Amino acid sequence: MLKMTAAQNLLQIIECFGVRRFIARNTNGVPIRFYFVPYGNRSMNAAYFPHIHLVVIYKNDLDSSSNPEYIFMHELGHVVQVHMTKGLTIVPSSFKEAVRGAFKPCSDEMLAEVFADCFSVAVMKGTSFEEKNPFCTTFLQEHQALLRDYFSSIAKVR
841 MLKMTAAQNL
851 LQIIECFGVR
861 RFIARNTNGV
871 PIRFYFVPYG
881 NRSMNAAYFP
891 HIHLVVIYKN
901 DLDSSSNPEY
911 IFMHELGHVV
921 QVHMTKGLTI
931 VPSSFKEAVR
941 GAFKPCSDEM
951 LAEVFADCFS
961 VAVMKGTSFE
971 EKNPFCTTFL
981 QEHQALLRDY
991 FSSIAKVR
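Residue numbers for the sequence shown follow this note's numbering, beginning at 841 and rising by one.
It is worth saying that the hints were derived from the structure and are not from the lab. Check each hint, because a few of them may be wrong.
Quick list of in silico lysine to aspartate or glutamate cross-link-like pairs, EDC-like style, CA-CA up to 20 Å [unchecked claim]:
(1) 965 <-> 953
(2) 944 <-> 982
(3) 936 <-> 948
Pair ranges (Cβ atoms, derived) [said to hold, decoys possible]:
(4) 848 <-> 870: 15 to 25 Å
(5) 978 <-> 891: 25 to 35 Å
(6) 892 <-> 860: 17 to 27 Å
Owing to the predicted nature of the structure, the values given are computational and were not obtained by experimental measurement. The beta-carbon is built from N, C-alpha and C at its ideal position, and this holds for glycine as well.
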């Protein structure tokens with residue numbers, strides 16, 4: 841289960857990274873809410889519900905290798921994605937361009953998951969939470985640098 845202090849520390853990292861404004865409120869002005877559910881879900885570890893701007897983190901009973909800190913940041917990646925595109929299965933064309941050749945081609949739905957994972961890597965890399973993210977050790981260093989540059993640049997542009 842994700843501890844409240846860990847969630848607060850992760851949100852502080854987001855603040856330093858510059859994407860807080862993508863997360864604080866959705867495009868309809870609804871403030872973000874987080875529900876930390878102390879029991880598992882049979883089909884998911886977490887979810888983002890954009891229409892009510894709600895991130896739900898369940899007790900992780902599905903995959904013991906996934907840390908709650910990584911899961912939380914992955915969901916925040918979906919928040920950023922939806923803020924930029926207005927759709928759960930749509931990723932920004934700038935992301936597709938930035939990662940061309942770094943990942944195998946996949947469906948848009950899968951690419952939305954890749955976007956969220958890439959966001960989590962970009963934000964968690966070089967922090968005390970890096971070891972909690974399985975992709976920080978599997979993504980190539982040059983891809984991690986590319987992701988950090990990409991997500992830093994979108995924070996400055998928008």
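Results of checking the hints against the structure:
Between residue 965 and residue 953, the direct Cα distance comes to roughly 18 Å. Compliance with the 20 Å bound is thereby established for this hinted pair. For a cut-off of 20 Å, the pair hint linking residue 944 to residue 982 stands: about 16 Å separates their Cα positions. Proposed proximity of residue 936 and residue 948 is supported: the alpha carbons are some 10 Å apart, at most 20 Å. The hinted range of 15 to 25 Å is satisfied by residue 848 and residue 870, whose Cβ atoms lie roughly 21 Å apart.
One distance hint, 25 to 35 Å for the beta-carbon pair residue 978 and residue 891, holds here, with the actual separation near 33 Å. Residue 892 and residue 860 have their C-beta atoms about 19 Å apart, which keeps the hinted 17 to 27 Å range intact.
Against the hints set out earlier in the document, no violation occurs for any number.
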